[in-house]
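Colleague: Could you put together the complete structure from these sequences and hints?
Number of protein chains: 2
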Amino acid sequence: MKRIAIDMDGVLADTTRQFLAWHEQETGIKLLQKDIIGKKESAPFPNLYDWVNRVGFFRHLPLIVGGQEVVKKLCEKYEVFIVSAATEFPASLADKQAWLNEHFPFISWHNIVFCGSKTIIKADIMIDDHFKNLDYFEGETLLFTNAHNALADAGRHTRINSWEDIAKYLL
Amino acid sequence: MKRIAIDMDGVLADTTRQFLAWHEQETGIKLLQKDIIGKKESAPFPNLYDWVNRVGFFRHLPLIVGGQEVVKKLCEKYEVFIVSAATEFPASLADKQAWLNEHFPFISWHNIVFCGSKTIIKADIMIDDHFKNLDYFEGETLLFTNAHNALADAGRHTRINSWEDIAKYLL
Chain A
5 MKRIAIDMDG
15 VLADTTRQFL
25 AWHEQETGIK
35 LLQKDIIGKK
45 ESAPFPNLYD
55 WVNRVGFFRH
65 LPLIVGGQEV
75 VKKLCEKYEV
85 FIVSAATEFP
95 ASLADKQAWL
105 NEHFPFISWH
115 NIVFCGSKTI
125 IKADIMIDDH
135 FKNLDYFEGE
145 TLLFTNAHNA
155 LADAGRHTRI
165 NSWEDIAKYL
175 L
Chain B
5 MKRIAIDMDG
15 VLADTTRQFL
25 AWHEQETGIK
35 LLQKDIIGKK
45 ESAPFPNLYD
55 WVNRVGFFRH
65 LPLIVGGQEV
75 VKKLCEKYEV
85 FIVSAATEFP
95 ASLADKQAWL
105 NEHFPFISWH
115 NIVFCGSKTI
125 IKADIMIDDH
135 FKNLDYFEGE
145 TLLFTNAHNA
155 LADAGRHTRI
165 NSWEDIAKYL
175 L
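Here the protein sequences come in this chain order: A and B.
The numbering used here runs 4 ahead of the 1-based position in the first sequence.
The numbering used here runs 4 ahead of the 1-based position in the second sequence.
A portion of the hints provided could be inaccurate.
The list makes no distinction among identical chains, and a pair is therefore deemed to hold if it is satisfied within one copy or across any two copies.
With a cut-off of at most 20 Å between alpha-carbon atoms, the simulated SDA-like pairs for lysine to any residue come out as follows [to be verified]: (1) K126 - E83; (2) K6 - G120; (3) K136 - N165; (4) K76 - G120; (5) K126 - M5; (6) K136 - E83; (7) K126 - T145; (8) K126 - R7; (9) K136 - S112; (10) K81 - S121.
The set of hints was computed from the structure by calculation and includes no laboratory data.
Remember, predicted model here, so these are calculated numbers, not experimental data.
Modeller: Structure representation (structure tokens):
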């Protein structure tokens, strides 16, 4: 059974939507997708590093459409691990696990990884929205489209635009 | 540069000493090393699963002698990751990272992994006190002696009795 390592932020959890909402709430400025596309994730949001260090930020993130259903199906065919770069923000750790337990109750604690560098991950397939994670992975790499990577050349990675596309590709 | 994955509980942190202390505190019964040797870790301590689910248990664990000094030296020769099976006890996550930051400030967040199953870890050497982690690891495996494994046959793993021994073996 092949093993898939699936990222959380920007792949399962819609961090971008929450960044836009919190930015509007705190500054009164409503940014649109077109204002952030192709920019480094933190560039449009001066308060981003403050937010991600707050207890609660990661607890109530909205879901990316289709993730729950497709991950559930992937679990029948693959060994699925959720792998999140979380140790940079220790306040996120318990929030992230509670969020997973709420929305992905079929993922056991055995299959959750909170790490820093993902170079330590041994799997066959990695789904991630960051080149810094995919570039060092030896297996098959799926680049999940997000505003910050939308204009970049995917290079050796396979670009995937939605969970519907992942279902078509992997199921 | 070879990568070492080093366990926390029972290898860097002296969970056994704290189990003995908390057991005496809560029951009035003073157990000695000879009372627990060769027994499954939880067997002598009926309250163990309660303790490890409490916020605070992992925050103030005593250190295993020599760990700090030897890990610091290993960092000069190896790529060192601290890999702890922590997602079974979500209350432990922030405590474990705070404990590491206090006692091992030279370990970056990049090199910390909190996981469930360690089958996902890609490294060259693993130091752990549990067979369940070492048995599925493809690289070199060092079994760190602890009361619960002290009487077992190490099998294909190399038994190591102290951080002094690790220094001799790896430095």
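Colleague: Work down the list of hints and note, for each, if the structure agrees.
Modeller: How the hints compare with the structure:
no., hint, verdict
1, K126 - E83, "both (12 Å within a copy, 16 Å between copies)"
2, K6 - G120, "between (23 Å within a copy, 18 Å between copies)"
3, K136 - N165, "within (18 Å within a copy, 38 Å between copies)"
4, K76 - G120, "between (25 Å within a copy, 19 Å between copies)"
5, K126 - M5, "both (14 Å within a copy, 18 Å between copies)"
6, K136 - E83, "between (23 Å within a copy, 18 Å between copies)"
7, K126 - T145, "both (13 Å within a copy, 17 Å between copies)"
8, K126 - R7, "both (8 Å within a copy, 13 Å between copies)"
9, K136 - S112, "between (27 Å within a copy, 17 Å between copies)"
10, K81 - S121, "between (27 Å within a copy, 19 Å between copies)"
Every hint from the earlier list agrees with this structure, and none is contradicted.
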